[in-house]
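So the sequences go chain by chain: A and B. Residues 1124 to 1260 (my numbering) are what the first sequence spells out, left to right. Residues 111 to 332 (my numbering) are what the second sequence spells out, left to right.
Since the hints were made in silico from the structure, they are not lab data. Hints should not be assumed to be uniformly reliable.
[As the list claims (entries may be wrong)] If you only want the chain A side, here are some residues facing chain B, beta carbon under 7 Å, derived:
(1) GLY1156
(2) GLU1159
(3) GLY1161
(4) VAL1163
(5) PRO1172
(6) VAL1176
(7) PHE1185
Nothing here was measured: the structure is a model prediction, and the numbers come from that model. By construction, the Cβ of each residue, glycine as well, lies at the ideal position given by its N, Cα and C atoms.
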Amino acid sequence: MAYSDKVVDHYNNPRNVGTLDKSTSEVGTGLVGAPECGDVMRLQIRVNPETQVIEEAKFKTFGCGSAIASSSLATEWVKGKTVAEALEIKNTDIVKELALPPVKIHCSVLAEDAIRAAISDWKKKNGVAETEAVAAQ
Amino acid sequence: MADCAQCGVALQGSPLICGGCGAVQPVAATDYFAVLGLERRLGLDGAAVEREFHRLSRRLHPDRFARASEAEKQNSLAATALLNDAWRTLRDPVERVEYLLKLEGYAVGEEHAGKGKSAERQPPPDLLEEVFELNMQLEELRMSQRMGETADAEVVADLAAAEKRFAAMLNDVDAALVAEGARWDGGQGRAEAAARMIELLDRRRYVRNLVRDVRQSLTVTA
């Protein structure tokens, strides 16, 4: 199976690899796994408490090229978005952007799950109710 | 059971070959258990199955049909390929479980892809945490290997300890798979046993990857 040019690009030059300080209240951490293949992905966001804009995003993924590319793209996309906007990113958008083949769709699902997990961790830390954010959308 | 395409006698055991006239049968839609003349069970007598595999292999072997008709040659090739696939799959206890569950209509492993969110099937957070941390250590070790530095003794010791712990975890998972397999074979609480086996197989992929990667890195270091 050949990877698309975009996957190869993200794999060779992953954006935003790294770690944010987990203990800060502004940082949300999502750690998720893909049971299909045993890949693990950590995605972190730093949210501006005033504007709810995601100002920084970092990831670290242990897995295949598609999983790395999906999480790299996810960090690019969430940056500059508000928390509510970031929740609208769908795995199918990632599939389309990276031209992922059917057997790699679960990598995009993993990236979407990671975004959601990071946001939900941030909300928990900051006492933002899940329902409140839904109403704000 | 179908009848022999050549002599019309009802086929017994494996549908690949006629016990009466010895004719190799055209490969029809069948499953790996049937190919080896087995019931759909997870508990197998490994030695008996292996003997049956070798017996069928010999009888189906394309060399025996070198001077047979074109159709018989084709049947022999197709039957041999199918027999090999069946044996390779069923001899491995983990692949056997995955195969049987798929055969029974359960979604297993890659089959999940894109359907249902993986969030519903996340492994316990502490396992995920540990897998992630160990991967970080592994990366550190690989990095220093690439730089030609001597590996940090503490990191190597940590990884060696982790390898033992995860290898033991893998054994536990495999033992639990056997136990659930026996429950499945017993016919009671099959749905529960299947759900539990799918969960165990999911868990197993993380642990297996990790044991493999840790072993590989430690071999390079040694």
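Results for each hint:
1. GLY1156: 5 Å, holds
2. GLU1159: Where the cut-off is 7 Å and the nearest Cβ of chain B is about 5 Å from A:GLU1159, the hint holds.
3. GLY1161: Given a least distance of 4 Å, the restraint on A:GLY1161 holds.
4. VAL1163: 5 Å, holds
5. PRO1172: 26 Å, violated
6. VAL1176: Violated, about 25 Å.
7. PHE1185: It holds, given that the least Cβ distance between A:PHE1185 and chain B is near 4 Å, below 7 Å.
Hint compliance for this structure: hints 5 and 6 are broken, all remaining hints hold.
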